[in-house]
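Q: The residues making up each chain are set out below.
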Amino acid sequence: EIVLSQSPGTLSLSPGERVTLSCRASQGVSKNHVTWYQQKPGQSPRLLIYGTSSRATGIPDRFSGSGSGTDFTLSISRLEPEDFAVYYCQHYGTSRATFGQGTKVEIK
Amino acid sequence: EVQLVESGGSVIRPGGSLRLSCAASGFSIDDYGMSWVRQAPGKGLEWVSGINWDGGSIDYADSVKGRFTISRDIASNSLFLQMNSVRAEDSAFYFCARLRGSFYYYDYWGQGALVTVSS
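Protein sequence lines correspond, in order, to chains A and B. Under the working numbering, the first residue of the first sequence is numbered 1103, with each subsequent residue one higher. Under the working numbering, the first residue of the second sequence is numbered 689, with each subsequent residue one higher.
Bear in mind the hints are in silico, worked out from the structure with no lab data behind them. These figures come from a predicted structure and were not determined experimentally. Keep in mind that the hints are not guaranteed to be accurate.
Heads up, simulated DSSO-like pairs for lysine-lysine below, C-alpha to C-alpha not over 27 Å straight-line [said to hold, decoys possible]:
1. B:K731 / A:K1142
2. A:K1210 / A:K1133
3. A:K1206 / B:K731
4. B:K731 / B:K753
5. A:K1206 / A:K1142
6. B:K731 / A:K1210
7. A:K1206 / A:K1133
This is chain A alone, in the form it adopts within the complex:
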């Protein structure tokens, strides 16, 4: 079973800064099956990026995704106040999904 490891666990940043979040898979995975979600307190997860680099409908272009093999990245070019949240990567394979443990982006 594939395990996804996200790093760092928590990032303390200021609005306007650039942020890069990492998601590492325990073995190589298809780029098509890597997804990123954002979750704010008391809310359901929100789809951000699918297929490693495709932005979901309505997602601002300050969000971007990249990667291949075992290493995947979510980048936010300039943090807006509404971007402070927890971010999860997810992989889907052989009829089940796996989530990373999440990275919390908090206000410094």
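Keeping the supplied structure of chain A fixed, place chain B upon it in accordance with the hints.
A: Showing chain B alone in chain A's frame:
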């Protein structure tokens, strides 16, 4: 408009049973795979179970296999999770989510149903 609305969350004693429901609207569940994903308070997301678009493929996380059963009713456009022999570690918010094929991502999520297992 696509909507997923979970219901059935409750406080339940260890060893008990509970059935969660997820009412879908704005689409037909027999056109999509559907899953249950849970989140213990303050913790991360954990995939629980999934059913594919035609109902022919069902899978469970090892942590719930043999205790939970996923099902659906096309007529009512609803997804269900029957939870038996529940344990304290099953306490969580349970989300239903719609799976988009080919890229296999969840594009719509419900608001979640809270299940608390406590004596």
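Q: Could you run down the list of hints and mark each one as holding or not?
A: Results for each hint:
1. Taking the CA atoms of B:K731 and A:K1142, the gap is near 13 Å; set against the 27 Å cutoff, the hint holds.
2. A threshold of 27 Å between alpha carbons decides the hint, and for A:K1210 with A:K1133 the separation of about 33 Å lies outside it, so the pair is violated.
3. For the hint pairing A:K1206 with B:K731, the CA-to-CA distance comes to about 11 Å; that is within 27 Å, so the pair holds.
4. For the proposed pair B:K731 and B:K753, the alpha carbon gap of about 21 Å is at most 27 Å, so the pair holds.
5. Note on A:K1206 and A:K1142: the hinted pairing holds, with a Cα-Cα distance of about 10 Å set against a maximum of 27 Å.
6. At roughly 22 Å between alpha-carbon atoms, B:K731 and A:K1210 fall within 27 Å of each other, so this suggested pair holds.
7. In summary, the hint linking A:K1206 to A:K1133 is supported, as the alpha carbons are separated by about 23 Å, within the 27 Å threshold.
Going through the hint list in order, the structure does not satisfy hint 2, though it satisfies all others.
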